[in-house]
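Chains as they are written, first to last, in this note's numbering: chain S, 2 to 258; chain P, 2 to 258; chain H, 2 to 258; chain L, 2 to 258.
Each hint should be verified, as a subset may be incorrect.
If chains are identical, the list can't say which one is meant, so a pair holds when it fits in one copy or spans any two.
[Stated by the list, open to error] Okay, derived cross-link-like pairs now, DSS-like style, lysine-lysine, Cα gap no bigger than 30 Å in a straight line:
hint	residue 1	residue 2
1	124	57
2	123	59
3	56	83
4	123	83
5	207	57
6	57	162
7	124	242
8	59	124
9	83	5
10	83	207
11	57	123
12	238	124
Keep in mind that the hints were calculated from the coordinates and are not lab data.
4 protein chains.
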Amino acid sequence: MNPKIDVNCDLGESYGHFRIGHDSEIMPYITSANIACGFHGGDPATMLHTVRLAKKSKVAVGAHPGFPDLMGFGRRDMGLSKEELRSTVIYQLGALEALAETENMNLQHIKPHGALYNIAAKKDEYAEALIEAVLNTNSDLIMFAMPDSRLAELGTEAGLKVAFEVFADRAYNSDGSLVPRSREGAIISDTGIVASRAVRIVKERKVTAIDGQTVSFNRIHTICVHGDTSNAVELAKSIRKALQTANIQVLCVNSFF
Amino acid sequence: MNPKIDVNCDLGESYGHFRIGHDSEIMPYITSANIACGFHGGDPATMLHTVRLAKKSKVAVGAHPGFPDLMGFGRRDMGLSKEELRSTVIYQLGALEALAETENMNLQHIKPHGALYNIAAKKDEYAEALIEAVLNTNSDLIMFAMPDSRLAELGTEAGLKVAFEVFADRAYNSDGSLVPRSREGAIISDTGIVASRAVRIVKERKVTAIDGQTVSFNRIHTICVHGDTSNAVELAKSIRKALQTANIQVLCVNSFF
Amino acid sequence: MNPKIDVNCDLGESYGHFRIGHDSEIMPYITSANIACGFHGGDPATMLHTVRLAKKSKVAVGAHPGFPDLMGFGRRDMGLSKEELRSTVIYQLGALEALAETENMNLQHIKPHGALYNIAAKKDEYAEALIEAVLNTNSDLIMFAMPDSRLAELGTEAGLKVAFEVFADRAYNSDGSLVPRSREGAIISDTGIVASRAVRIVKERKVTAIDGQTVSFNRIHTICVHGDTSNAVELAKSIRKALQTANIQVLCVNSFF
Amino acid sequence: MNPKIDVNCDLGESYGHFRIGHDSEIMPYITSANIACGFHGGDPATMLHTVRLAKKSKVAVGAHPGFPDLMGFGRRDMGLSKEELRSTVIYQLGALEALAETENMNLQHIKPHGALYNIAAKKDEYAEALIEAVLNTNSDLIMFAMPDSRLAELGTEAGLKVAFEVFADRAYNSDGSLVPRSREGAIISDTGIVASRAVRIVKERKVTAIDGQTVSFNRIHTICVHGDTSNAVELAKSIRKALQTANIQVLCVNSFF
Numbered sequence: 002m003n004p005k006i007d008v009n010c011d012l013g014e015s016y017g018h019f020r021i022g023h024d025s026e027i028m029p030y031i032t033s034a035n036i037a038c039g040f041h042g043g044d045p046a047t048m049l050h051t052v053r054l055a056k057k058s059k060v061a062v063g064a065h066p067g068f069p070d071l072m073g074f075g076r077r078d079m080g081l082s083k084e085e086l087r088s089t090v091i092y093q094l095g096a097l098e099a100l101a102e103t104e105n106m107n108l109q110h111i112k113p114h115g116a117l118y119n120i121a122a123k124k125d126e127y128a129e130a131l132i133e134a135v136l137n138t139n140s141d142l143i144m145f146a147m148p149d150s151r152l153a154e155l156g157t158e159a160g161l162k163v164a165f166e167v168f169a170d171r172a173y174n175s176d177g178s179l180v181p182r183s184r185e186g187a188i189i190s191d192t193g194i195v196a197s198r199a200v201r202i203v204k205e206r207k208v209t210a211i212d213g214q215t216v217s218f219n220r221i222h223t224i225c226v227h228g229d230t231s232n233a234v235e236l237a238k239s240i241r242k243a244l245q246t247a248n249i250q251v252l253c254v255n256s257f258f
Numbered sequence: 002m003n004p005k006i007d008v009n010c011d012l013g014e015s016y017g018h019f020r021i022g023h024d025s026e027i028m029p030y031i032t033s034a035n036i037a038c039g040f041h042g043g044d045p046a047t048m049l050h051t052v053r054l055a056k057k058s059k060v061a062v063g064a065h066p067g068f069p070d071l072m073g074f075g076r077r078d079m080g081l082s083k084e085e086l087r088s089t090v091i092y093q094l095g096a097l098e099a100l101a102e103t104e105n106m107n108l109q110h111i112k113p114h115g116a117l118y119n120i121a122a123k124k125d126e127y128a129e130a131l132i133e134a135v136l137n138t139n140s141d142l143i144m145f146a147m148p149d150s151r152l153a154e155l156g157t158e159a160g161l162k163v164a165f166e167v168f169a170d171r172a173y174n175s176d177g178s179l180v181p182r183s184r185e186g187a188i189i190s191d192t193g194i195v196a197s198r199a200v201r202i203v204k205e206r207k208v209t210a211i212d213g214q215t216v217s218f219n220r221i222h223t224i225c226v227h228g229d230t231s232n233a234v235e236l237a238k239s240i241r242k243a244l245q246t247a248n249i250q251v252l253c254v255n256s257f258f
Numbered sequence: 002m003n004p005k006i007d008v009n010c011d012l013g014e015s016y017g018h019f020r021i022g023h024d025s026e027i028m029p030y031i032t033s034a035n036i037a038c039g040f041h042g043g044d045p046a047t048m049l050h051t052v053r054l055a056k057k058s059k060v061a062v063g064a065h066p067g068f069p070d071l072m073g074f075g076r077r078d079m080g081l082s083k084e085e086l087r088s089t090v091i092y093q094l095g096a097l098e099a100l101a102e103t104e105n106m107n108l109q110h111i112k113p114h115g116a117l118y119n120i121a122a123k124k125d126e127y128a129e130a131l132i133e134a135v136l137n138t139n140s141d142l143i144m145f146a147m148p149d150s151r152l153a154e155l156g157t158e159a160g161l162k163v164a165f166e167v168f169a170d171r172a173y174n175s176d177g178s179l180v181p182r183s184r185e186g187a188i189i190s191d192t193g194i195v196a197s198r199a200v201r202i203v204k205e206r207k208v209t210a211i212d213g214q215t216v217s218f219n220r221i222h223t224i225c226v227h228g229d230t231s232n233a234v235e236l237a238k239s240i241r242k243a244l245q246t247a248n249i250q251v252l253c254v255n256s257f258f
Numbered sequence: 002m003n004p005k006i007d008v009n010c011d012l013g014e015s016y017g018h019f020r021i022g023h024d025s026e027i028m029p030y031i032t033s034a035n036i037a038c039g040f041h042g043g044d045p046a047t048m049l050h051t052v053r054l055a056k057k058s059k060v061a062v063g064a065h066p067g068f069p070d071l072m073g074f075g076r077r078d079m080g081l082s083k084e085e086l087r088s089t090v091i092y093q094l095g096a097l098e099a100l101a102e103t104e105n106m107n108l109q110h111i112k113p114h115g116a117l118y119n120i121a122a123k124k125d126e127y128a129e130a131l132i133e134a135v136l137n138t139n140s141d142l143i144m145f146a147m148p149d150s151r152l153a154e155l156g157t158e159a160g161l162k163v164a165f166e167v168f169a170d171r172a173y174n175s176d177g178s179l180v181p182r183s184r185e186g187a188i189i190s191d192t193g194i195v196a197s198r199a200v201r202i203v204k205e206r207k208v209t210a211i212d213g214q215t216v217s218f219n220r221i222h223t224i225c226v227h228g229d230t231s232n233a234v235e236l237a238k239s240i241r242k243a244l245q246t247a248n249i250q251v252l253c254v255n256s257f258f
């Protein structure tokens, strides 16, 4: 059997007149869209518009909740209490779900955004808040998480469907964590390199870390493509093409569970 | 048969550390809670807390969506496009619904807040956006509207359940519109007067306007009690007591449809 | 003596990670930068960065205050009281002034943004709030206003320096008002047409309205170039070049008073 | 010579319709008002109103800048870069200064709010950003800081006037740090206890920590009274009265430098 993978991208992050990303151009190359929910980015009209774009391209939609920090784009650490975080995530989930339902779309997954994603990988309290938000609303939602993260471990324990996510366009440390954006070399923009990393990730479940060592993954469900870099469309296209050339099936992540 | 009425109040309007209203004290005297949804007031944790309070007091919950204007508490006119308004309302409905569902509560109704309520009474485009938001998400929701408002008329035409709302603690113009808050005498705070106005409203479907004339209503489903005045609890208590003394049944509005 | 004109552009409207405009590319072609102040766009770090860019290009800086409506980019009507508006404008002025002073730059002018600019052209209360904000803080600030607007008239009466502003890339109605952005043909993007309109505006103080009639201006001090259109840099470059070819001096507006 | 002390309070933290604190009632009992600047609380109209209140009561005004986190009231940790923080503080300083100047008031001091105050006590980068903001705008501003904090140490090194602040209504750990608000016993509300703590703080420069040990201060310039507790007015009144009874002069902090 051919290997298979989901390709996801963060979309719908524009806010009113403030445009971010290349949503309509990227849609054809992905299978799962993580839609911002109004806190770190996204506004109601943008969210609805993005759901429609996804529907047209037969791309599955998921929630991409973030910290309430529009100015920091959800990329700054914030100290919320577990209860604040839980209700904040449920709020965002519900808002997107209602908009998706007006287009007869159901949410497939949830992927926490930015600093929330990174903190929930290490901090039990945040991971638990996310997991409870899913259990309290729609326990069928697939949780996107880094392999070996606390979010992945606790989510699995709690009985959630957890999709292990890998990044083809981000540098890895040898311990499997991402090199922070602020560090040089954190973002890989060469389409050829990213595409071949993507193929190796799926075929061998391996990626070369920034220090030259090899990081191995037990299991991988989805590859993230960033949508807000200048050559994001090119990147997405290259990855998709390289995966197909390598006989890898690109499918919505819900077909894996 | 005894006359009957629903008593509603705007609640959950606190925002983080900024407390507004007397939510827990007012709950015992009302039957329907209009819960702010995060735009003019309310934050996720407050919304969840308010749902729990309502549940404990067996009070029905509804959405109280407003303009995206926290600084102006949703009381300032804002020029949104119909599509912006529609998605903004769906967003707020969905967010509250998800939080309510975690407490096994369903939304009973929707009541637009502040300037949105007032503009939708006169402007078809805004009324239509609200109506479509309900039809697109949960067409069982009861729409609260002023009698003779465009929102009431268009909502009825569209097949929505429309609850006609009257205010016992606000002065009326002789044409049935509310005296604007900025005008003197707009807010009636004497508990005795408010209570007897409430009884007359239900029994006779009449209220005395600010110019001494009589305003008549064909039908009334619910009376609004304001929760953010200094004597709001006293007012709510007096109204509830006066209604009971007058042998008026106080029931959730959903029992009328 | 050669005719002379100031060329201004709205800049610094990015918000955190949300980038708008082509600030650094446009700077070389303008003489006055209207810097957003954090309400409709702009954040403290962006504002400071924009002041630095202007300083490097020897471009004068001014405040570009807007309504507190980030989601609507300050382009939606909002009903503020005069006192709310006055203090809101003083707040924004002071914030930018402090940031400018850290770079030893003084504010040259103030240009209200979007809906505030349009409403203040017609509504005395808003014009007065803007004028008082200037008189209360720094009465040397030059107020940018449309010719024949109430803001221009009342500002002149109050003793303010008022710079009459004309738009080369926006269509005019025959009464001298701008064709609203929502109407087709409101934005003129052909660089040749815009450049020759600019030259005619300065030399003849005339522009052809959307209905073919001619609009005349008594006096003109500054031409606005929009910075957020896709070909904004090309436009600014063409205008600047055409003005120079026509022997029109392009100077900071403060040299006219 | 009699001992002397400044009494300060955080004021102007209301946001639009959201009222916090008892500003007008507390003014008569304090000598320095820390006015919120629109980020964790405060809006332009409220800020101006608070400046006027202070002026009427002959209370000195200072800036009380906070994190951009209205929902969390600036009490949640946030990870800003040094440059983000510096420009954010300058922005808030300038905004308040402009509003104060319209009432012919000058800013006397700056006191960082909430989490910013606490983090700047320990983290050099945040302390430096605050210090640079003062040096870049108005180096005469007195910086309020906890004794032994990094903000106090680095501020003194940089040549700033630093006022050492002590809290009479907050419990201390034996190392001189504040017991976090989340811990029981963190807030002391008994007016008698708070008043006698205040007197002892000024006379002996000592306070009893939560574990019974004694915390000593080398020097103290100002005592903070919290304005948002239910008995804040009573507390302020009791402290002021107790200080006077003990022959302690209560003076604006600027008279100490």
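Problem set entry | Non-conforming hints, listed in increasing numerical order | Hints 1, 2, 5, 7, 8, 9, 10, 11 and 12 not satisfied by this model.
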